[in-house]
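S.K.: Each protein sequence line maps, in turn, to chains G and B. Read in order, the letters of the first sequence are residues 1 to 479 in this note's numbering. Read in order, the letters of the second sequence are residues 480 to 958 in this note's numbering.
Don't read these hints as lab results, they were simulated from the structure. Misleading hints may appear alongside valid ones.
Said to hold, decoys possible - Quick look at which bits of chain G chain B covers, simulated, 3 or more residues with Cβ under 8 Å:
| # | segment |
| --- | --- |
| 1 | 202–210 |
| 2 | 239–248 |
| 3 | 353–365 |
| 4 | 446–453 |
Ideal Cβ positions, reconstructed from N, Cα and C, are used throughout, including at glycine.
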Amino acid sequence: MDLSFQPATRLAAQLRAGEISALELLDHYIARIERLDPRINAVVVRDFDRARDRARALDAGGDRTAPLFGVPMTVKESFDVAGLPTTRGHPELLAHRAGTSSLAIRRLEAAGAVVFGKTNVPVDLADWQSYNPVYGATSNPWNVAHTPGGSSGGSAASMAAGFAGLELGTDIGGSVRVPAHFCGVFGHKPTWALCPMTGDPATSPAAPTDISVLGPIARSGADLALSLDVLAGPDPAETGLTFNLPPPRTTTLRDLRIAVWSHEPGQETDAELVGKIDELAAFLEREGATVSRTARPPFAARDAYHLFLKLLDSAWSGRLSEQQLADRRAAAARRSPDDMSADAIMLRCVDMPHRMWIGLNERRTRFRRAWSAFFQEWDVLLCPPIGTAALPHRQDGATWERSLTVNGHTIAYNDLLFWPGMIGACHLPASIAPIGFTQAGLPLGVQIVGPIYGDRTTIAVAGMLEQDWLGFTPPEGWE
Amino acid sequence: MDPTFLSATRLAAALRAREIGCRELLDHTIARVERLDPRINAVVVRDFDRARTRARALDSATDRSAPLFGVPMTIKESFNVAGLPTTWGAPAFRDSIATGNALAVDRLLDAGVVLFGKTNVPLMLADWQSYNAIYGTTNNPWDLALSPGGSSGGSAAALAAGLTGIEAGSDIGSSIRNPAHFCGVYGHKPTWGICPPLGQSLAGNVSQADISVIGPLARSAEDLATALDVMAGAEAIEAGWKLELPPPRATSFKGLRVAVMTDHPLSEVDASITGKLTELADFLRREGATVSLTARPDFDLARGHRLYIEMLRATTSARNDVAAMRHWRAEAERFSRDDTSYYAMMARGVSMTHRDFLLANEQRQRMRRQWAKFFRDYDVFLCPVGASPAQPHDHQGERWERSITVNGHRVPATDQMFWAGISCFYLLPATAAPLGFSPDGLPIGVQIVGAQYADRTTIEVAKLLETAWQGFVPPPGWE
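All chains, please: the whole structure from these sequences, using the hints.
M.R.: Listed below in structure tokens is the structure:
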């Protein structure tokens, strides 16, 4: 395989062995970005000169035992990198430069990574596409008429197009998982609060946001495992805690106990995706895994989903401006009280009393405990990452005004939150692995969900699928 | 050997060495409860038969290594103990019998205690007194006309009266520290989150409330250290983190960096307490400690107090029904947003939106960073636990309408919430230890506040004071 599409772990091994220098590899990726990125517009902030200095320094005397020694990385635009802008799609923030890098960036750099650019996002990281007035729209390398997803859309596109060795995204409603699935790459949404999100103290919130996490996007399961070890662990301020993730529950498909939830009545999921997950389930059964197609946690999926919508909107509410609040109040007033669509449920949360949030949190904690009991019987749950493959670009109106067609039925755009949301609300870890393609040639992924702190198990299963079912495939025409 | 007022650690050693039998010690303790508790009404739920069976079993045990082996224990009524009522003093829960043990109860039983009863609380644990319609009123063993404090008032009274070996309580607004101070015993409010409160709840709630913690009360500082080790640590399903509390920063006064604050404009403190604290500061200086009377964290403590009251009342607002919420919203609207009277802050807090809660939380998080910075320069911060020694029973009206006597005049009882919040609002550990006696012979305590996770440091300082300054003294007339 061309160097461009190798996993970060392989690149690090070659760099360590001196088969290629950090500067050579960086220049290789920079040349690709200069030649090919105009097609998809993924790497929107470029920091090539400083990166070359750093690569030269690593070549001259860097610690070659560092796990990501010399691996060129791009990261989602929303992370602070000292000296670069962090805009989250807002033009008025473009002139500002971060003074301090996010803790995650500092950890990756301490592990030897060479961060040389930042990748595109939607405004406020709030869409399954990645376009904004600062940087424009990012396209999917598998088909440039389609979105790579969002909000870590530039991240997944950069991985699929072979623009860097590793990526870092964030996820509150599928923002790591959906783009990984749309672009045919691997992604991991860690257990909530495992990887601290501390940013530049001058401009970032000090308090963590419920449900929101950061996580790696990569071209192999092994890369997810390695980067999780780099990213996880308490903020240095939390000196009384250490990180204690259990090892993967099993290392072979044969020993796995797998619950498969490929579709849910009342929630449209594209038939091609459902079919592919069912095919995978049949394969796993043939491989000797224990597979159930009916095992479910003991609560209604719809209840867990609606709970997520309310918790998501609550979590976000602290960041809304007065104008955004007013817009949401007005939009809520236009909805009928009987409207149980995703958007109506979210909009109605606009002035939620804290008392009501306490009740929601109590329910979530109960669901979380029910999941823990579920995962005593099952090692992982396999389900869709979201209800469709990559969507065609569209930039009409607000997300809550959009609809789309799945399996011939019209659904609200934001009702796609079902699969990612139900999992995120309960803080569970979930890895995405590629599992196939639609007839139109768009990638399909599976969401591998595990118990709280079972991150190493979901990543190990992604690695097993990579080995025995399907790994990363580069899109055609990106040599 | 009269075991009555010995520390739990000392009792466990005597039991381990068979200087006294578990059954013998339990019977001694039960006899005291039957003879003396009518004076103070502290041990309001009694479980003598099961305790005798357990004590007999322990007497024939070969493994006597458990840290609290055979120690007779009572626990705050709010903890679930299978087969016993958990009512929080609320008549609606009069017949509510727990079906399982709180996690802390299981851990303490595993550590060898013989649990034989539960101790009194105020209604919904919401007072610095301990009376309710189910169990009546608990008195202070130092003076029956006074309250033992609350909400862990029965806990502290039982320890001071020699009716139990060790206790556990809970604290969201000084509920461990205040009764320890009023009764002349030790209490430790742990760093938030390190002692899982599962099963210390009404109606089977499982989520952990903000600010609220559980922790031990005892007759010696060493007992606090032992019980904290037993009660702390993630529950099994949260075991992706491991608690590793750092050792005490100092084991002698020499070189200990101490900041002392005896008073604050928001809460006038009785001269009996400020005088004794000033004496202690001089003593520590003579013992070789570095003492500052002016060092403070770099933020406005008055602003922090306002946030504390608002977030505390938002956190406890779950107890209100819809009609009560409507009432508090209307009350909040009567006051300007700048009104910092207790009632206005409370009304605002109860009816707070979740968005406002998040904004307040962000401010608190920044204040926590300032405390962290402060504790790089100082090991402990010493201050009052409350504004006065124990006060007479007062069951009139609402809590926020009552006053107490400080320096000979009446001040609002709620002023001293300032001393409650100074540690717990910022999630910091705080140990209450005996400081001395007022001119009237009433016990007074000192609050020893430390950095997040520095629980062993605050307890160690209490231990040093116990030897060199003031230890537990039994009240007269309780032989």
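S.K.: Take the hints in turn and mark each one as holding or not.
M.R.: Now for the hints, and whether the structure bears them out:
1. 202–210: holds (count 3)
2. 239–248: The restraint on the segment 239–248 of chain G holds, since 8 of its residues have a Cβ under 8 Å from chain B and three suffice.
3. 353–365: It holds, with 11 qualifying residues against the three required.
4. 446–453: holds (count 3)
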